[in-house]
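Chains as they are written, first to last, in the numbering used here: chain A, 1 to 720; chain D, 1 to 504.
Careful: at least some of the hints might be erroneous.
Negatives, chain A to chain D, calculated, CB over 10 Å [to be verified]:
hint : residue
1    : Glu65
2    : His190
3    : Ile235
4    : Asp625
5    : His694
Covered stretches of chain A (chain D as the covering partner; in silico rule of three or more C-beta atoms under 8 Å from a C-beta of chain D) [said to hold, decoys possible]:
hint : region
6    : 78-85
7    : 673-686
The hints are simulated quantities; they were obtained by calculation from the structure and are not laboratory data. Since the model is a prediction, treat every value here as computed from it, not as a measurement. Ideal Cβ placement from N, Cα and C applies to all residues, glycine included.
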Amino acid sequence: MAERSFAREVEDLKLGAGDVFRGEGILAITKALLQSGVAYVAGYQGSPISHLMDVLADAKDVLSELGVHFETSASEATAAATLSASVMYPLRGAVTWKSTAGTNVAADALSNLASGGVTGGAMIIIGEDYGEGSSIMQERTHAYALKSQIWLLDPRPNLPTLVRMVEQGFELSEASNTPVMLEVRIRTCHVHGQFVCKDNRRPEFTLRAALENPVRDVNRIVLPPASFLHEKEKIEKRMPAAIEFVKSRKLNELMGPAEGDVGVVTLGGLYNTTLRALEYLGLADAYGATRVPLYVLNIAYPLIEDELVAFCRDKRAVLIVEEGAPDYIERDLHAILRRRDIATRISGKDVLPMGGEYTSQVMIKGVQAFLSRHARDLLGNGPPAPDPSSVLSDPRVKALAAVVPARPPGFCIGCPERPIFAAMKLVEDELGLHHISADIGCHLFSILPPFNIGATTMGYGLGPASASAFNVPSGKRSISILGDGGFWHNGLASSIGNAVFNKHDGVTLIVDNYYSAATGGQDIPSSRALNPRRKTNNSIVEAVRGVGARWVRQIDRTYDVAGMRALLLEALTTKAEGPKIIVASSECMLNKQRRLRPAIAKAITAGERVVKEKFGVDPDICTGDHACIRLSGCPSLSVQHTDDPLRDDPIAAIDESCVGCGNCGEVAEAAALCPSFYRAETIHNPSVFDRWLHRLRAAVIDWLEMRRTRRRVRLAGADA
Amino acid sequence: MSEAGRISIAILAMGGQGGGVLADWIVLLAERQGWAAQSTSVPGVAQRTGATIYYIETAPLRGDLAPVLALMPTPGDVDCVIAAELMEAGRSVLRGLVTPDRTTLIASTHRSPAIVEKQAPGDGIGDPDVVVAATDFAARRVIAFDMERMAKSQGSVISAAMLGALAAADVLPFPREAFEATIRAGGTGGEPSLRAFAAAFAQAKAKPIEPPPGHPRKRFVAWPTASGHVELDRLGARIGQFPIEAQSMIAIGARKLADYLDAAYVGEYLDRLSALAERDRASGGVQRGFAFTVAAAKYLAGAMAYDDLPRVADLKLRSSRQARVRREVGASDDAIVTTTEYFHPRVDELCATLPKKLGLWIEARPRLIEWMRGIVDRGRRISPNTISGYLMLAFVAHWGLKRRGSLRHAREMAHIEAWLQSALAAFAVQYELGVAVLGCRRLIKGYSDTHARGVSKFDRVTSALPQLKARDDGAAWLDRLTRAALADEKGAALDGVLKTIATL
């Protein structure tokens, strides 16, 4: 982490037995890893698990004291492969990523890992990016757990349970020689709560000991005939061991009365919402006491058939609360009961939606429908459930829909990617629309207003790869976009190497902002900052040349809109063969400002000469067409109604948050927009020479201006 | 509050507004009072500029028993919504989070327009009154004022002001001192945060509701009386002869043109207007508040003061502008402020500023134009604070004094003539239609491509006139066309309305 410090959070990792940890769910999990005696942690950053990586990256002293190895993996595949350290050796290790996007990338290594099995506890912290606030495709990680036979932990979303599940998850992994996934949803990662700490533990076996005493067991390698052995072992040994462990430790929880006509089986992660729905229906209180029996699956896979059968056998009907498609658990339960000829009705996706997040509103409806079908007597005691529909159907509220604007995320103030897409829009004005393959990263905001650029995204680092088919003679070339994060993750081989090898004729634009910016500004191989623990400053240009690209251009100041446009035009029209690669580099402004702003403030206070730039709009020159905004979308460039009676439309205005990146002026210049933009340069603590020069110029100019004005009509109050 | 004594609070904020800081404060506050508290959020990629909801629940402990708290707000069961911007308050109502039986709505009334509002070529800003009507209806209680401005005036950020309003709202059963102690314990912000907290607390107690800051009032400055300048006084007397309803607009228009060129140009303006005012009077203008004359005064002034480079150069040089820029950047007295101006003059514009015959001669020679493009057509950055920059701009500004003979001037005047004729023709059919044709001139604004696009939209809008003249509601349709033309850049909405008119 280059520009943001997690020093305060690192302090929380040092808490000892009896201390109370207060903070976010994902940080509680991080602390729990250290309490579990992990020997190594790795992962790939991404919402919602970025903070695990960020804090450990800043926690060198804690980690080295404990003897824990930490690394930022090149991709989720790397992270998953890292767990192979636990195959032969009794080493506990954990890796993390955002899922299902990351799990897709990791799948190859996961299959191999799960086949051979592990000796030391191997845990994957899965940031399940599903539902509101998600930035990826809506899928369940559950499928991976099932197909590779990796145990899936889905704990109740409170800190003590999360921590307990991390600790017991390692034991489960070791008891069953199987890797485990700890699935945490977005809100759970960000939930604030407390738990009572234990002391951190040094790993019992060390990486160094493993290296110095290597072990080799050919039966753990995924090659026939061992692979057939693994399959048998999975079914006959590891699965029963896991079931026995989960049963004996009571990892799944029974709540409420021992008996009842109906019951609810819920995944741990959905417990709070389930309970709240019961509370609204008058069947539970705010402290967890429920009148409906609950079976809470903190372990989503494997299912413990005995426990399920015992829970369901004497009930008329049972509701399964399982978010997202398909309904794996519901189907399994049907099979389990059918095999035993148990007639209990199973309800689930018939009363709850197949897709979408299970919000409390959705849950109230579902539970209500379930009870009215199977236990009508339970309904009707409670107060009416919250229902805003009478408010929402009022015409005054309905009128809001036409007025409240959508507020999609966009480029930050001063973002260096903005001028790239402004230039691209200008190029499209000239050469017409093109097929543009987008990629994953901040640059994907280009698909939203005001740029509306980009047709598809096929995965991280796969922008140019997804333009592969468009390699035929044509009047227009394809354009593809790749971020620096995606480039190092997967892009160098899958996109660039592929395009070079297949002599792809398209244009590839690599957006280099010195960080993995969208995930929080982590360092990557081409970061320009010096990082004592990582080898940075590896050139993207050299890397693409290294895989054989020949037409490579770099622009080292993306704010040069005219230059950017010229380069794009050249790339789109040159006769050169093979991929045309443009590397557009400028530092992520969010991170740059984190570093510069305090430094500048300090310098000004210390009396040093500092020149600060900021843009402005002359209100009497701006005509209120907002063409500049359609080529910018900068949050600091806004509109303002004017007091001029001759004007109807609001004019552009730049507020004090402007960082003076230059985009406004460059765009106005390149697109020949109106000349109302100006850059104001403020010299703080000017030098003696500055003052002398300024006074000289001002004297001459004032005299000239006086002469000029005298010859013209000026009415008092006209200039205000 | 729920029966269990649980209190739920939803914060709607945009990325970078400190919604997370506010949520942390509330959680810390509750925990310090011995309550259980939980907050969560789904920031995702919205950490940049998107809208985000933070959700907090807090409840007293029951012995050793901790409450089970939800991770998301339930519509209809929220005690307090804190919206960090006016439209976010509207969004909270739309999502059902604000209900009359439960919810105290704390909202900052300032606006931070979304990109879809800003990018319209006209006025795309959402109507704040719709939000006020909805929040007044939906909330049990409203505390609404400009917390952004208040926080800034105290050198702090909006989250501190919102915490002050929350303390004053008595949603949480904790004393004011506990809130302030929380800010101190939080460590960030310190004194400025406490000042913003106190100011918002006081305002929320004394005057909890202020209407959203409206548009600035239009500033009508009268023509100077008895200036001592013979010609100006003569013009003042002429303005005085117009219908009283139109005089203030005419004075503003006259001021603009005097500033744009010279007193004689104001005379030309008044000549044109008096002919129009006569027709207005003859067509029953008295009953209609001389709307035709007022519209003519407004749009004719804008049309005659067409945007060109000499005008820009003139405005950039003024000493009053230098002072305004200093104010805007907040420069201290000893700081030196200079500006750099971004120009991109093109051959077309250069040609237009030349004497009419010369301009036409060049325009007829494409190869010459191509050659000139290579020399002229590029971005130029000029600082009016350097002597050479000043002289260059002063030269261009001076050139403007001779614009009457230019090609551009001839074209603008011809366009104005045609426009006024068409307005008069429409006016003869129906009073309101004439006014609406004058209003179409609003579409023409800006420089180079923007100007060309405006003219083309003007032409497309007025192309419907023959059909509209035959209809009683023609004026309403023409207004609708004009508004549609300002809704998007390419004129997709305009095409839609034109198609509708064709089927009428």
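Verification of the hints:
1. Glu65: Its Cβ never comes within 10 Å of chain D, the nearest being 26 Å, so this holds.
2. His190: Answer for His190/A: violated, closest chain D Cβ roughly 5 Å.
3. Ile235: holds (37 Å)
4. Asp625: violated (5 Å)
5. His694: Given that some Cβ of chain D is not farther than 10 Å from that of His694/A, nearest at about 5 Å, it is violated.
6. 78-85: With 0 residues closer than 8 Å to chain D, the region 78-85 of chain A misses the three-residue bar; violated.
7. 673-686: Coverage by chain D holds for the region 673-686 of chain A (14 residues, Cβ < 8 Å).
In this structure, the earlier hints numbered 2, 4, 5 and 6 are contradicted, and the remaining ones agree with it.
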